[in-house]
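Taken in sequence, the protein lines are chains A and B. For any residue, its number in this note's numbering is found by taking its place in the first sequence, counting from 1, and adding 8. For any residue, its number in this note's numbering is found by taking its place in the second sequence, counting from 1, and adding 52.
Everything labelled a hint here was simulated from the structure, so no lab data went into it. One or more hints might be untrue.
Unchecked claim - Far from chain A, by Cβ distances over 12 Å, these chain B residues were calculated:
| # | residue |
| --- | --- |
| 1 | K79 |
| 2 | E109 |
| 3 | G111 |
| 4 | P126 |
Claimed, not checked - Below, in silico cross-link-like pairs of lysine-lysine (DSSO-like), each with a Cα-Cα straight-line distance of 27 Å or less:
| # | chain 1 | residue 1 | chain 2 | residue 2 |
| --- | --- | --- | --- | --- |
| 5 | B | K79 | A | K76 |
| 6 | A | K9 | A | K122 |
| 7 | A | K76 | B | K96 |
| 8 | A | K9 | B | K79 |
| 9 | B | K114 | A | K9 |
Said to hold, decoys possible - Reference listing, derived: stretches of chain B covered by chain A, where coverage requires no fewer than 3 residues with Cβ under 8 Å from a Cβ of chain A:
| # | stretch |
| --- | --- |
| 10 | 93-102 |
| 11 | 115-123 |
| 12 | 147-153 |
The beta-carbon is built from N, C-alpha and C at its ideal position, and this holds for glycine as well.
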Amino acid sequence: KQEVTQIPAALSVPEGENLVLNCSFTDSAIYNLQWFRQDPGKGLTSLLLIQSSQREQTSGRLNASLDKSSGRSTLYIAASQPGDSATYLCAVRLQGSSNTGKLIFGQGTTLQVKP
Amino acid sequence: NAGVMQNPRHLVRRRGQEARLRCSPMKGHSHVYWYRQLPEEGLKFMVYLQKENIIDESGMPKERFSAEFPKEGPSILRIQQVVRGDSAAYFCASSRTPEQFFGPGTRLTVL
Numbered sequence: 009k010q011e012v013t014q015i016p017a018a019l020s021v022p023e024g025e026n027l028v029l030n031c032s033f034t035d036s037a038i039y040n041l042q043w044f045r046q047d048p049g050k051g052l053t054s055l056l057l058i059q060s061s062q063r064e065q066t067s068g069r070l071n072a073s074l075d076k077s078s079g080r081s082t083l084y085i086a087a088s089q090p091g092d093s094a095t096y097l098c099a100v101r102l103q104g105s106s107n108t109g110k111l112i113f114g115q116g117t118t119l120q121v122k123p
Numbered sequence: 053n054a055g056v057m058q059n060p061r062h063l064v065r066r067r068g069q070e071a072r073l074r075c076s077p078m079k080g081h082s083h084v085y086w087y088r089q090l091p092e093e094g095l096k097f098m099v100y101l102q103k104e105n106i107i108d109e110s111g112m113p114k115e116r117f118s119a120e121f122p123k124e125g126p127s128i129l130r131i132q133q134v135v136r137g138d139s140a141a142y143f144c145a146s147s148r149t150p151e152q153f154f155g156p157g158t159r160l161t162v163l
């Protein structure tokens, strides 16, 4: 059974710091991995999607990497800003016969960036 | 192109009543997914539908819950005889490619 874990559960940093959020998964047979942002009381915003054949994806100050063999992904945020404060979720989609499209989510990392 | 739309955004029901949650996918998307986020828990998959077909309902509780995605109109998640434990945020996502796009959610409160 695929399990997704995110560490740390919460993180507080001063503005301007570069930071790394971690996501690990137990079964390396994934189709893709997606990083989301969730603001309090709101829906999810897709940040980056990495296909299983890719090693990383970049969007602006965000960079996500994927190492399938070790079951890990990291989300790197450069020059953090108070507006980055939110909960960050990673989710994996299974491959093969289990690939019905459903996403399996981690519990999230709640980030606070202090001015 | 409007995003995924869900209504109502907030729904209050008394125990034993029915709850109907609606989801309109993004234009051109024929795949709809429902997820539930219980208080202090992560998002859990419930059901995956394509037009008029349920593809995967492995995350749906066996009783009281049902979902449909008719040929015309929005996808509906229906919860019969709601109990307090059904209080949660229910999110819908749609896709055409591997990337899923989420709606703002419906927050269900059962009194």
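Taking 8 Å as the Cβ threshold, is the statement that the stretch 115-123 of chain B is covered by chain A upheld or broken by the three-residue rule? Violated: only 0 residues of the stretch 115-123 of chain B have a Cβ under 8 Å from chain A.
Checking one constraint from the list: CA of K9 of chain A to CA of K122 of chain A, max 27 Å. Satisfied? violated (38 Å)
Would the pair K114 of chain B and K9 of chain A pass a check requiring their Cα atoms to be no farther apart than 27 Å? holds (20 Å)
Is the claim that K79 of chain B lies outside the interface with chain A correct, judged by CB distances over 12 Å? holds (17 Å)
Taking beta carbons only, do three or more residues of the stretch 93-102 of chain B come closer than 8 Å to chain A? Satisfied; 6 residues make the cut.
In terms of beta carbon proximity below 8 Å, does the stretch 147-153 of chain B have 3 or more residues touching chain A? n = 5 at 8 Å, threshold three: holds.
Taking the shortest Cβ-to-Cβ distance between E109 of chain B and chain A, state whether it exceeds 12 Å. Its Cβ does come within 12 Å of chain A, the nearest being 10 Å, so this is violated.
Given pair status - K79 of chain B, K9 of chain A, alpha carbons within 27 Å: Outside the cut-off at roughly 34 Å; violated.
Please verify whether K76 of chain A and K96 of chain B have alpha carbons no more than 27 Å apart. This hinted pair holds, its Cα atoms lying about 22 Å apart.
Run the C-beta distances from G111 of chain B to all of chain A and say if the shortest one exceeds 12 Å. violated (7 Å)
Consistency of the no-contact label for P126 of chain B, given chain A and a CB cut of 12 Å: holds (16 Å)
Pairwise hint evaluation, K76 of chain A against K79 of chain B, where the allowed Cα distance is 27 Å at most: violated (33 Å)
Hint compliance for this structure: hints 2, 3, 5, 6, 8, 11 are broken, all remaining hints hold.
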